[in-house]
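For what it's worth, this note's numbering labels the leading residue of the sequence shown as 314, then goes sequentially.
Keep in mind the hints are simulated off the structure, nothing from the lab.
Bear in mind that the values here come from a model prediction, so they are computed numbers and not experimental data.
Treat the hints with care, since some could be wrong.
[As the list claims (entries may be wrong)] Derived DEER-like restraints, expressed as beta-carbon distance ranges:
| no. | residue 1 | residue 2 | range |
| --- | --- | --- | --- |
| 1 | Met325 | Glu348 | 42 to 50 Å |
| 2 | Ser326 | Leu356 | 33 to 41 Å |
| 3 | Lys323 | Asn358 | 47 to 55 Å |
[What the hints assert, rightly or not] For lysine to any residue, the following SDA-like pairs were computed, each having C-alpha atoms within a straight-line distance of at most 20 Å:
| no. | residue 1 | residue 2 |
| --- | --- | --- |
| 4 | Lys363 | Phe351 |
| 5 | Lys349 | Ile359 |
| 6 | Lys363 | Thr352 |
| 7 | Lys323 | Thr334 |
| 8 | Lys323 | Glu339 |
| 9 | Lys363 | Ala353 |
Idealized CB from N, CA, C, for every residue including glycine.
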Amino acid sequence: MNTQHTSLFKTMSEAETKALTTIVKETLATGIHHEKHFTAAELWNIQRRKRSIGSRRNVA
314 MNTQHTSLFK TMSEAETKAL TTIVKETLAT GIHHEKHFTA AELWNIQRRK RSIGSRRNVA
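Whenever a hint applies, use it, and build me the whole structure from the sequences.
See the structure below:
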């Protein structure tokens, strides 16, 4: 039986561990106002697609 084994992970130094675990401050983009409004045309389009999908199921 083989008693030697190799590690799957490379050992990391303390400096590498510290570099990977440092906290980075996040910044948010300001000045962007993109509001999506749901319109009647979009509702009509959803209902129209539902009708066409339902008719396809009954034909097959």
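Exercise for review: Please test the hint of 47 to 55 Å on the beta carbon pair from Lys323 and Asn358.
Suggested key: For Lys323 and Asn358 the Cβ distance comes to about 54 Å; the hint holds.
Check your understanding: Are the Cα positions of Lys363 and Thr352 separated by 20 Å at most?
Key -> Status holds; Cα separation ~17 Å.
Practice item. Starting from Lys323, check that the Cα of Glu339 is at most 20 Å away, please. Key: violated (30 Å)
Exercise for review: Quickly compare the C-alpha distance for Lys323 and Thr334 to 20 Å and report which way the hint goes.
Suggested key: holds (17 Å)
Check your understanding: Would you say the C-beta atoms of Met325 and Glu348 sit inside 42 to 50 Å of each other?
Key -> With Cβ atoms ~46 Å apart, the hint holds.
**Study point:** Cβ distance range 33 to 41 Å for Ser326 and Leu356, holds or violated
**Key:** Cβ of Ser326 to Cβ of Leu356: about 59 Å, so the range 33 to 41 Å is violated.
Practice item. Would you check the hint for Lys363 and Ala353, treating anything up to 20 Å between C-alpha atoms as holding? Key: holds (16 Å)
Review point. Taking only the CA atoms, is the gap from Lys349 to Ile359 under or equal to 20 Å?
Key: At roughly 16 Å apart (the allowed maximum being 20 Å), Ile359 and Lys349 satisfy the hint.
Review point. Does the structure keep Lys363 and Phe351 at a Cα separation of 20 Å or less?
Key: Holds, because 18 Å separates the two Cα atoms, which is no more than 20 Å.
The structure fails hints 2 and 8 (numbered hints given earlier, in ascending order).
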